[in-house]
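2 protein chains.
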Amino acid sequence: MAIPGFADTPAAHYYAVIFSGQRTEGDNGYGKMAELMIKTAKQQPGCLGVEAARNPDGFGVTVAYFTDEPAIAAWRDHIQHRGAQKLGKERWYAHYEVRVARVERSYSGPANR
Amino acid sequence: MAIPGFADTPAAHYYAVIFSGQRTEGDNGYGKMAELMIKTAKQQPGCLGVEAARNPDGFGVTVAYFTDEPAIAAWRDHIQHRGAQKLGKERWYAHYEVRVARVERSYSGPANR
Numbered sequence: 000m001a002i003p004g005f006a007d008t009p010a011a012h013y014y015a016v017i018f019s020g021q022r023t024e025g026d027n028g029y030g031k032m033a034e035l036m037i038k039t040a041k042q043q044p045g046c047l048g049v050e051a052a053r054n055p056d057g058f059g060v061t062v063a064y065f066t067d068e069p070a071i072a073a074w075r076d077h078i079q080h081r082g083a084q085k086l087g088k089e090r091w092y093a094h095y096e097v098r099v100a101r102v103e104r105s106y107s108g109p110a111n112r
Numbered sequence: 000m001a002i003p004g005f006a007d008t009p010a011a012h013y014y015a016v017i018f019s020g021q022r023t024e025g026d027n028g029y030g031k032m033a034e035l036m037i038k039t040a041k042q043q044p045g046c047l048g049v050e051a052a053r054n055p056d057g058f059g060v061t062v063a064y065f066t067d068e069p070a071i072a073a074w075r076d077h078i079q080h081r082g083a084q085k086l087g088k089e090r091w092y093a094h095y096e097v098r099v100a101r102v103e104r105s106y107s108g109p110a111n112r
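Top to bottom, those sequences are chains C and E. If you use numbering that gives the first Met the number 0, the first sequence corresponds to residues 0 to 112, in order. If you use numbering that gives the first Met the number 0, the second sequence corresponds to residues 0 to 112, in order.
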């Protein structure tokens, strides 16, 4: 069952791309692009969903889930995503970390709904 | 170099515990406990850091990084954390997902600082 805000991921194994970033001051077109990129990512083959949150001080964590490494590589090289990455480096992020991880197991709650 | 808000993680491999959760209405003691749990987690042997963000609608993503599986198990079973987990199920979360993942590689930007 898909629950708003959550990625509807299968049983392990699959992959998580963890993007944590500190935004620069001001929007500078970020909000519109972020919304578009999340929408576009979710439409890519092998994308299992995206979960994202941001603090009022501009620190955010976005996790995109993928079936496998080729799906991650395809999204990394997606032409629109490449454009967003460039602007992210130039304008939107003071610092970011990207970690690619293989999900080993998962559980949910409060009652495994 | 430790940058505020970011976990100062080493080269892969290490582990990420990705906790995404939708909060219930109201604080009900959550804020104080969340702060204490992040502080306590960071002091555990094998914990490499914690990154956390929450949207105004109560959806949040917290990622805790650990050296290995035994360190994850020790934090899961930590007595104070067990108490917080119980309250999380009873009071604080409408829904949550926990995913344990092995970090395969990482990079940072905008300029690998």
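If you're looking for bench data, these hints aren't it; they were derived computationally from the structure. It cannot be assumed that every hint is accurate.
[To be verified] Some but not every residue of chain C turned toward chain E, in silico, with C-beta under 7 Å:
#1 A52
#2 R53
#3 V62
#4 T66
#5 A70
#6 Q79
#7 K85
#8 R90
#9 Y92
#10 Y95
#11 V97
#12 V99
#13 A100
#14 V102
#15 E103
#16 Y106
Even for Gly, the Cβ is constructed at its ideal location relative to N, Cα and C.
**OP:** Any hints from earlier that this structure breaks? Give me their numbers in increasing order, please.
**Re:** 4, 5, 6, 7 and 8
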